[in-house]
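Novice: Residue strings, one per chain:
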Amino acid sequence: RKEVEQDPGPFNVPEGATVAFNCTYSNSASQSFFWYRQDCRKEPKLLMSVYSSGNEDGRFTAQLNRASQYISLLIRDSKLSDSATYLCVVNGLTGGGNKLTFGTGTQLKVEL
Amino acid sequence: EAGVAQSPRYKIIEKRQSVAFWCNPISGHATLYWYQQILGQGPKLLIQFQNNGVVDDSQLPKDRFSAERLKGVDSTLKIQPAKLEDSAVYLCASSFSSLNGYTFGSGTRLTVV
Chain U
112 RKEVEQDPGP
122 FNVPEGATVA
132 FNCTYSNSAS
142 QSFFWYRQDC
152 RKEPKLLMSV
162 YSSGNEDGRF
172 TAQLNRASQY
182 ISLLIRDSKL
192 SDSATYLCVV
202 NGLTGGGNKL
212 TFGTGTQLKV
222 EL
Chain L
6 EAGVAQSPRY
16 KIIEKRQSVA
26 FWCNPISGHA
36 TLYWYQQILG
46 QGPKLLIQFQ
56 NNGVVDDSQL
66 PKDRFSAERL
76 KGVDSTLKIQ
86 PAKLEDSAVY
96 LCASSFSSLN
106 GYTFGSGTRL
116 TVV
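These protein sequence lines are chains U and L, in that order.
Numbering follows this note's numbering, in which position 108 of the first sequence is assigned residue number 219; successive positions increment by one, without gaps.
Numbering follows this note's numbering, in which position 110 of the second sequence is assigned residue number 115; successive positions increment by one, without gaps.
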């Protein structure tokens, strides 16, 4: 089983739609969780951290379910500029300390 | 705040040649990482430094890859000799502590022909 699994997509949605991405992780000792956004041929950029209580930043909502080892990202009222790859990232404890492990990413295409 | 600086942005080399990448992290960030991102995949950790010490290099192909972080600031990653499958983007990232999210540099896109 991969450490972090995501549906690679692509998700093609019309502008204004609501879209949700899911992610599962295998290390139950993982300590912190993030969503990163990566535009084509650019570096990943931190979108938001994910907390057990859930957190919201404008049109973006992230949720964590530790019991199911599941993370989600919801984007409401999609914009063309939301088109990107969304990477699920898990910070887990390894022999060498904490390490961020990335999923393969979910590609989102928002269309007119 | 200045970001993570990397150079060069692009590099094309022939297989069996050697190449080196440079990274300057955000000032004050003790933790520095090198990631390899192959097209269509998520970034894969190659090596993690805490100050100038290595804390995780379990996925670094040590027969051809080496990295150092002298004085706990700048870092270099070297590949010698390069193989075709090393074609990827090499991303450097830094963080204040390993529990926080990282800030990535713009990466070095390596093409091995």
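Since the hints were made in silico from the structure, they are not lab data.
Each residue gets a CB set at the ideal place from its N, CA and C atoms; glycine is no exception.
Warning: the hint list may mix true and false statements.
Derived DSS-like pairs: lysine-lysine, alpha-carbon spacing no greater than 25 Å straight-line [what the hints assert, rightly or not]:
(1) U:Lys190 to U:Lys220
(2) U:Lys113 to U:Lys156
(3) U:Lys153 to L:Lys16
(4) L:Lys49 to U:Lys113
(5) L:Lys20 to U:Lys156
(6) U:Lys153 to L:Lys49
(7) U:Lys153 to U:Lys220
(8) L:Lys76 to L:Lys20
(9) U:Lys153 to L:Lys76
(10) U:Lys156 to L:Lys49
(11) L:Lys88 to L:Lys49
(12) L:Lys67 to U:Lys113
(13) L:Lys88 to U:Lys153
Chain L is nowhere near these chain U residues, computed Cβ spacing over 12 Å in every case [what the hints assert, rightly or not]:
(14) Gln117
(15) Ser164
(16) Glu167
(17) Ser179
(18) Lys190
Below, a sample of chain U positions facing chain L; criterion: calculated Cβ distance under 7 Å [what the hints assert, rightly or not]:
(19) Gly120
(20) Phe145
(21) Phe213
(22) Gly214
(23) Thr215
Novice: Each hint: holds or not?
Specialist: Checked hints:
no. : hint                 : in the structure
1   : U:Lys190 to U:Lys220 : holds, 10 Å
2   : U:Lys113 to U:Lys156 : holds, 22 Å
3   : U:Lys153 to L:Lys16  : holds, 16 Å
4   : L:Lys49 to U:Lys113  : holds, 12 Å
5   : L:Lys20 to U:Lys156  : violated, 31 Å
6   : U:Lys153 to L:Lys49  : holds, 16 Å
7   : U:Lys153 to U:Lys220 : holds, 16 Å
8   : L:Lys76 to L:Lys20   : violated, 31 Å
9   : U:Lys153 to L:Lys76  : violated, 29 Å
10  : U:Lys156 to L:Lys49  : holds, 15 Å
11  : L:Lys88 to L:Lys49   : holds, 17 Å
12  : L:Lys67 to U:Lys113  : holds, 23 Å
13  : L:Lys88 to U:Lys153  : holds, 24 Å
14  : Gln117               : violated, 8 Å
15  : Ser164               : holds, 18 Å
16  : Glu167               : holds, 17 Å
17  : Ser179               : holds, 21 Å
18  : Lys190               : holds, 23 Å
19  : Gly120               : violated, 12 Å
20  : Phe145               : holds, 5 Å
21  : Phe213               : holds, 4 Å
22  : Gly214               : holds, 5 Å
23  : Thr215               : holds, 5 Å
Against the hints set out earlier in the document, violations occur for numbers 5, 8, 9, 14, 19.
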